[in-house]
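Chains F and X are the protein sequences, given in the same order.
With our numbering, you'll find the first sequence wraps up at 563, consecutive numbering, no jumps.
With our numbering, you'll find the second sequence wraps up at 563, consecutive numbering, no jumps.
Hints should not be assumed to be uniformly reliable.
As the list claims (entries may be wrong) - Listed next, the in silico DSS-like pairs over lysine-lysine satisfying Cα-Cα at most 27 Å (straight line):
(1) F:K530 with F:K23
(2) F:K530 with X:K23
(3) X:K469 with X:K224
(4) F:K530 with F:K228
(5) X:K23 with F:K514
(6) F:K301 with F:K530
(7) F:K469 with F:K530
(8) X:K530 with F:K530
(9) X:K530 with X:K23
Stated by the list, open to error - Anything over 10 Å on all C-beta distances counts as not near chain F; from chain X, calculated:
(10) D333
(11) P388
(12) I392
(13) G405
(14) K450
(15) D452
(16) A531
Derived from the structure by calculation, the hints contain no laboratory data.
Every residue, glycine too, gets a C-beta built ideally from N, C-alpha and C.
2 protein chains.
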Amino acid sequence: MRVLRANVQTGEIRYEGVPENWKHFGGRALAARILLDEVPPACDPLGPYNKLVWAPGLLVGHTLSSSDRISIGAKSPLTGGVKESNAGGSTGVRMAWLRLFALIIEGGPPADGSWRLLVVDKNGARFEAADDLVGLGLIDTGERLFERFNDKIGVSAIGPVGERLYRSAGITHMDNDQHLTRISARGGLGAVMGSKHLKAIVFDFPSANRPEVVDPELFRDASKRYIKALQEHPQTSAGYPLYGTAGMVNLCNTVGGMPTRNFSNGRFEGAEAISGETLHELNKSRNGEVSHACMAGCIIKCSNIYHGSDGEVIVTPLEYETIGMMGSNLGIDDPDVIARLNAVANDLGIDTIDTGAALGVAAEAGLMTFGDGLRALELMEEIREGTPLGRILGNGAALAGKVLGVKRIPAIKGQAMSAYDPRAIKGTGVTYITSPQGADHTCGLTIRSKVDHTNPEGQVELSRDAQYKMAGYDSLGVCIFGGFGMDASIVCDLVNGRYGWDVGIDYLTELGKKSILMEREFNRSAGFTKADDRMPEWMVHEKLPPLDTVFDVPEEEIDSIFD
Amino acid sequence: MRVLRANVQTGEIRYEGVPENWKHFGGRALAARILLDEVPPACDPLGPYNKLVWAPGLLVGHTLSSSDRISIGAKSPLTGGVKESNAGGSTGVRMAWLRLFALIIEGGPPADGSWRLLVVDKNGARFEAADDLVGLGLIDTGERLFERFNDKIGVSAIGPVGERLYRSAGITHMDNDQHLTRISARGGLGAVMGSKHLKAIVFDFPSANRPEVVDPELFRDASKRYIKALQEHPQTSAGYPLYGTAGMVNLCNTVGGMPTRNFSNGRFEGAEAISGETLHELNKSRNGEVSHACMAGCIIKCSNIYHGSDGEVIVTPLEYETIGMMGSNLGIDDPDVIARLNAVANDLGIDTIDTGAALGVAAEAGLMTFGDGLRALELMEEIREGTPLGRILGNGAALAGKVLGVKRIPAIKGQAMSAYDPRAIKGTGVTYITSPQGADHTCGLTIRSKVDHTNPEGQVELSRDAQYKMAGYDSLGVCIFGGFGMDASIVCDLVNGRYGWDVGIDYLTELGKKSILMEREFNRSAGFTKADDRMPEWMVHEKLPPLDTVFDVPEEEIDSIFD
Chain F
1 MRVLRANVQT GEIRYEGVPE NWKHFGGRAL AARILLDEVP PACDPLGPYN KLVWAPGLLV
61 GHTLSSSDRI SIGAKSPLTG GVKESNAGGS TGVRMAWLRL FALIIEGGPP ADGSWRLLVV
121 DKNGARFEAA DDLVGLGLID TGERLFERFN DKIGVSAIGP VGERLYRSAG ITHMDNDQHL
181 TRISARGGLG AVMGSKHLKA IVFDFPSANR PEVVDPELFR DASKRYIKAL QEHPQTSAGY
241 PLYGTAGMVN LCNTVGGMPT RNFSNGRFEG AEAISGETLH ELNKSRNGEV SHACMAGCII
301 KCSNIYHGSD GEVIVTPLEY ETIGMMGSNL GIDDPDVIAR LNAVANDLGI DTIDTGAALG
361 VAAEAGLMTF GDGLRALELM EEIREGTPLG RILGNGAALA GKVLGVKRIP AIKGQAMSAY
421 DPRAIKGTGV TYITSPQGAD HTCGLTIRSK VDHTNPEGQV ELSRDAQYKM AGYDSLGVCI
481 FGGFGMDASI VCDLVNGRYG WDVGIDYLTE LGKKSILMER EFNRSAGFTK ADDRMPEWMV
541 HEKLPPLDTV FDVPEEEIDS IFD
Chain X
1 MRVLRANVQT GEIRYEGVPE NWKHFGGRAL AARILLDEVP PACDPLGPYN KLVWAPGLLV
61 GHTLSSSDRI SIGAKSPLTG GVKESNAGGS TGVRMAWLRL FALIIEGGPP ADGSWRLLVV
121 DKNGARFEAA DDLVGLGLID TGERLFERFN DKIGVSAIGP VGERLYRSAG ITHMDNDQHL
181 TRISARGGLG AVMGSKHLKA IVFDFPSANR PEVVDPELFR DASKRYIKAL QEHPQTSAGY
241 PLYGTAGMVN LCNTVGGMPT RNFSNGRFEG AEAISGETLH ELNKSRNGEV SHACMAGCII
301 KCSNIYHGSD GEVIVTPLEY ETIGMMGSNL GIDDPDVIAR LNAVANDLGI DTIDTGAALG
361 VAAEAGLMTF GDGLRALELM EEIREGTPLG RILGNGAALA GKVLGVKRIP AIKGQAMSAY
421 DPRAIKGTGV TYITSPQGAD HTCGLTIRSK VDHTNPEGQV ELSRDAQYKM AGYDSLGVCI
481 FGGFGMDASI VCDLVNGRYG WDVGIDYLTE LGKKSILMER EFNRSAGFTK ADDRMPEWMV
541 HEKLPPLDTV FDVPEEEIDS IFD
């Protein structure tokens, strides 16, 4: 395995050995380690001293179900702190097959202001001109690249919003199956890529080349136990394959935590119309296949497919977060509209969570009426066109709220919350405020725990356990749903089998803990303090109907969560 | 002396005695003390837990030359830290004559969303409805209030930009002389007032009522020495009366620190056309009086008056900061245009420094051509109208730069620099980054020191001394130019004469130091660290022509400045 280092500014490309202190990390933990070692924490996130890291998780490369995720890391222009945003797709597996331990993008834009494309294949890496791609949406970008190279390449690219340095721009992973668009959406990593004038990276490697496994028997045995567990778990064998994450609508609405009209209510009267169950029936009636795998070998296949009334695919997947943030949060109960909003966001390469939150804030500022889907679609076009209003909205809810003079801004560390109101699901609220990543459900969601989510007691422990676990999975490259099939011994056996290490039963938690500690160290040097680990003031004081709860987890407990 | 406390939300108004630990403070230091004692540092600056403090300096009330300044303090929505913004005018003296030690505005807006006016007279204080004033510029607001009350009132009010919570909205002090418009411009205090739906405060007290002086002879003697020194100093007897602060243009341009085209050059080829000397001749030729006093009794009279070609006043004063930020910084060398930009800003109640910087950033983003004064005036109208672009620009350079994707943003702690490029005037650069107030020349300007301003050595000491001194003067209510006539013994005698205290020769510096330490304590609790005391990255790396200097004062020295 090698580290590939490419400097867009100087054009220099170098392969290096893996430093000793990086070898035991992958994915999220590796991104944190590299940032700590190489990026000045106080640097301008959109300046030449920030770096952008592609880091496959430790288990990536074996097309083991739900275990090939790619992490992208950088200092975030949205939060000003450390950022890791992982995704499925085929980028991770392709990197592993190219024997890339990590890819590090460095430097500012080329002196002449031109745009670059990085091409990596089995013979090496090179920069090519990408000026012909500038301004293109992701769909056109992908088509041009599949044409220019071949239809077996994998691509990580930014859309026009990344080029314009919008702080909610993501990095999109595509391959020859046009359905397979996955986005490292959160934290504005697309703006970091745009700041370096890097439009896309092409991973050109068509044939399987699995990494060596030190103890194949142990690995194979653990894999089998894992797959069996996934096949037996009701959630991964029935829930997700049928409804995707959209199945969360009913659960979250029931517990009163469904963001509705800019987080002014926790229950949406139109939830039924946008629930996973409704979407499933709708898509079946439109003669669509209902889901597919986002990573080769995945047996869960949570990636639902949304068809229009003409039977054509509008978007895939239509995730719960998007339904929550661009649906109920905007008072929109028409799934066709939500799917179209999502499709525009995907073509632009923008985070649907921060953008949905920004539109909610815009509605509160009087720029749209809640429930007006056509207006929401118009606002997405403003974002596409880069009008002043589009720029405001494309920079995410926190900035948009400031510029528009809105007081009810659902954001922490500058990043919008996802679709779980922290007043009704307090453990997830603790994750939002204490995660070094800014408000992000993927850092430790607690809604599936069998607790009273409105009771502040015990939520800090619940969140901490979830955060360590998730940071562990994010470092292994394992999807959150893969976690339904992994117990501690399976994790140990997979890692020990793959690497010949001798990790113990606490490994997953310890790996996650190390990752979070490194991230906190980075943030501390970047200027973060406990004052950043706070819920927006209005959520501490303004009751959320219908349960009429506020966020009341004690600050002392919050401040000692990682002690 | 009493403290007046008025809660806009509940309508409650209360007079209270002065707490023991406030008694020895005034102005800036008092504002810091009150904020530390009463405002949660982590609160939402535009939420109900922030407070807005009017605090006259310790020497205010005697119409002693240049010594009646009013400080306004709050947690700043622009910087997120402590803020004090002082101004001349008659607000301070009126408060002293009303025996108001401090005025504290509390609470959020009234529940019905209506707007209030606070009226203070010798009989007490009351809220009145102000909905008829909403949306009015400062000129119309003043006229309506002088009509509604009488032409002897003093007013502190916000314009439409404060109502809309723009983060560069100030609070404007007016009295019956329409020329006498002074603004507590920096840090977005007008937005704090707007967040509470308080449109204006009327100080209705027409007759002189000087505070008691414990040792009149000592006070009188020190006053005489002070006035004599002002009369003898070339700067206060000739420089400022003739040219106002506009006299700074030639000095700052000579040392290569005049912000030009968004801080891309330190020397402006059009400087001569906008210099204090040119303005003086121009105004004389237009038959105008050239300057006046902004506070009764001031013998410096630095407040220059700018007349149009028809002999009508366009604006007064036309300060150096405005000439630098809305002139050279925008590449504009037509003083009539700069004066008109300033007049619009005054009517809106917006900071010309942060707005000039925002326009410079907008020019860099391609929204205007440098030098195009008509376009700059159009952009000011966008701000007035509250269009999306106007909202972007009205929120100051730091936010505007982020939304517009500009990398060269001249701001620190979210607040724009004033018109001294810190790469050429490094002591002032140290003040910009280390002042708890964000980038602000009034916190410790070093340009008049006889040092090599481009040499990094000794700049930290220079800045520290200047910061302590200025924080001292800001706490006394003494204008920076009054400082030309005050030595340590005059300060002691004035304070000891007025209060019967026994302060020593280090009093001014000690007072300033206490103020800064309180401010830093507030900021620390609000989440500030040394990572906030940093120059924008590009100013550390990008050379400023024509001297080709970068900001290179060592970080270790910077971090220990107040140790």
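**Item:** 27 Å limit on alpha-carbon distance, applied to hinted pair K530 of chain F and K23 of chain X
**Value:** Violated: K530 of chain F and K23 of chain X sit about 33 Å apart, past 27 Å.
**Asked** Regarding the pair K530 of chain X and K530 of chain F, is the alpha-carbon distance no greater than 27 Å?
**Response** Between K530 of chain X and K530 of chain F the Cα gap is close to 15 Å, so the pair holds against 27 Å.
**Request:** Assess, step by step, whether the Cα of K469 of chain F is no farther than 27 Å from the Cα of K530 of chain F, and give holds or violated.
**Result:** holds (22 Å)
**Asked** Regarding the pair K530 of chain F and K23 of chain F, is the alpha-carbon distance no greater than 27 Å?
**Response** Roughly 31 Å separates the two Cα atoms, so the pair is violated.
**Message:** Verify this label for me: D333 of chain X is non-interface relative to chain F, using a Cβ-Cβ cutoff of 10 Å.
**Reply:** holds (28 Å)
**Prompt:** Non-interface claim for G405 of chain X: all C-beta distances to chain F beyond 10 Å?
**Reply:** Label violated. Min Cβ-Cβ 4 Å, cutoff 10 Å.
**Prompt:** Would A531 of chain X pass as off the interface with chain F, using Cβ distances and a cut of 10 Å?
**Reply:** violated (3 Å)
**Request:** Hey, is K450 of chain X genuinely clear of chain F, shortest beta carbon separation above 10 Å?
**Result:** With a cut-off of 10 Å, K450 of chain X remains clear of chain F, as the shortest Cβ separation is near 33 Å.
**Asked** Does I392 of chain X really sit off the interface, with its C-beta more than 10 Å from all C-beta atoms of chain F?
**Response** Per Cβ check, I392 of chain X is inside 10 Å of chain F; nearest 6 Å; violated.
**Status of P388 of chain X, Cβ more than 10 Å from any chain F Cβ** = violated (4 Å)
**Asked** Within a Cα-Cα threshold of 27 Å, do K530 of chain X and K23 of chain X meet the stated pairing?
**Response** violated (31 Å)
**Asked** Is it the case that D452 of chain X keeps its Cβ farther than 10 Å from each residue Cβ in chain F?
**Response** holds (28 Å)
In this structure, the earlier hints numbered 1, 2, 4, 5, 6, 9, 11, 12, 13, 16 are contradicted, and the remaining ones agree with it.
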